[in-house]
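Chemist: Sequence:
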Amino acid sequence: MNKKLLLILLIIFFQYSFASEDPILVTESTISLNFDETEELFFSFAEGDIIEFDFEMVKGKHLKEIEIFELPNNKIFSDFKVKDIVKKQIQIRNNGLYKFRFYSSSLTKRVGKIKIYRIPANETTKDFNTNWRWKTLRDTIYTPYTIDSITGYKTIKFKERIKELVSTENVEDLLLNKSQRVHSYYNDNRSSSYLRVDLPNPIVSDLKEERIIAWAYWIGVGQEAQDAYKENARSVGELANGITSMYGTPLAGLAVGTITDLLIPKIGEDVYYSFIPDHENAEKFINGQTYLQFDTGKGIAAYGKNSNLTQGVFYIGLHNDNQVQGIDVDVKVVLVKEVKTYEMVEYDRQKEEPITVTLNKSRMSIKETKIRVPAE
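Heads up, the sequence shown is in UniProt numbering, so the first residue is 1 and it goes up one at a time.
Since the hints were made in silico from the structure, they are not lab data. Just so it is clear, CB atoms sit at the ideal spot from N, CA and C, and this is done for glycine as well. Misleading hints may appear alongside valid ones.
Said to hold, decoys possible - Think about it this way: if two alpha-carbon atoms lie no more than 30 Å apart in a straight line, the pair counts; the simulated DSBU-like pairs of lysine-lysine are:
hint : residue 1 : residue 2
1    : LYS88     : LYS208
2    : LYS115    : LYS59
3    : LYS332    : LYS361
4    : LYS332    : LYS178
As the list claims (entries may be wrong) - Distance ranges between label pairs, derived from CB positions:
hint : residue 1 : residue 2 : range
5    : GLN289    : ASN187    : 17 to 25 Å
6    : PRO277    : LEU174    : 18 to 26 Å
7    : LEU25     : TYR142    : 42 to 50 Å
8    : VAL111    : TYR142    : 48 to 56 Å
9    : GLU343    : TYR142    : 35 to 43 Å
10   : THR296    : GLU343    : 43 to 51 Å
11   : GLU343    : TYR145    : 46 to 54 Å
12   : LYS163    : GLN223    : 47 to 55 Å
13   : LEU207    : TYR185    : 52 to 60 Å
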């Protein structure tokens, strides 16, 4: 019994003697922290080690926080508003990696000196490696997913309705056909007048589409101009080599470009005419004021075409510069539009559709994570 007691006392004595040896310096360094900055140091320690920790402020009043963790997240020490720490000893219960965390919340720079020692538990751990290394952990992850697999095809019959063009034709529309009296200068009535022309809005529907190609005009004074227009109507087939026989008037051929010239009388009274864009300027015209116009001229008869203005309203102003004789002016405006007519046609169709089944599968991937571990 006495021998056993003596042996135990000897073991305790040798352990105490070894633990009382000079601490082994792990690190001695200076840290510098700005506002909201953190410094972290990592060291490995052996089971039974005693950490001896010194901290001294070199610049600044204090450091906001110092913490020591046993990784991954076991906090074993913390202190706030630290000015200095002298020989703080912490018993290490497990082999592992430890983190020393220093945090500053001060607006001015903080500088501190650090000393970290270890006191080994016995001779076996005296030369323990306090360094650390990165270790890569690989996790196998299986992600489920589905995929459609084609097992065959089936024929589907169906009906398809298609809009098909039935016809395209050019249609003429007589917008204006009027004889307008324009009085002489010395007459009690005005020697200027105007006529309004309304261009139709083209129809656009599911089965019908209209597009204005152009409009053409004839302006002529007196019987001489009437006779000339009748002659144009009679000879229009010969002038256009029969191309315009589909139209009822020579103005329609002029609008589409199959006729370029019309006969006009050589003698007779003339008229001054203007094409005016709106009512306001038409009123200025008859009142002798400055006005806007997009075409003007003077003659016994005149003709022309316009393919730019295809919608809206315009006015034709007429002025007689004869001081004593009034004139009768024939004004004709013919519009030509393209009309497309469609119909819905139904066809029998068929198509091949795949037959599919849904398969449940999984996709393997490797997720790599790096962690700090003791060097040995």
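Chemist: Each hint needs a verdict: does it hold in this structure or not?
Modeler: Going through the hints against the structure:
no.: 1; hint: LYS88 x LYS208; verdict: violated, 97 Å
no.: 2; hint: LYS115 x LYS59; verdict: holds, 16 Å
no.: 3; hint: LYS332 x LYS361; verdict: violated, 80 Å
no.: 4; hint: LYS332 x LYS178; verdict: holds, 7 Å
no.: 5; hint: GLN289 x ASN187: 17 to 25 Å; verdict: holds, 20 Å
no.: 6; hint: PRO277 x LEU174: 18 to 26 Å; verdict: holds, 22 Å
no.: 7; hint: LEU25 x TYR142: 42 to 50 Å; verdict: holds, 49 Å
no.: 8; hint: VAL111 x TYR142: 48 to 56 Å; verdict: holds, 51 Å
no.: 9; hint: GLU343 x TYR142: 35 to 43 Å; verdict: violated, 59 Å
no.: 10; hint: THR296 x GLU343: 43 to 51 Å; verdict: holds, 46 Å
no.: 11; hint: GLU343 x TYR145: 46 to 54 Å; verdict: holds, 49 Å
no.: 12; hint: LYS163 x GLN223: 47 to 55 Å; verdict: holds, 52 Å
no.: 13; hint: LEU207 x TYR185: 52 to 60 Å; verdict: holds, 55 Å
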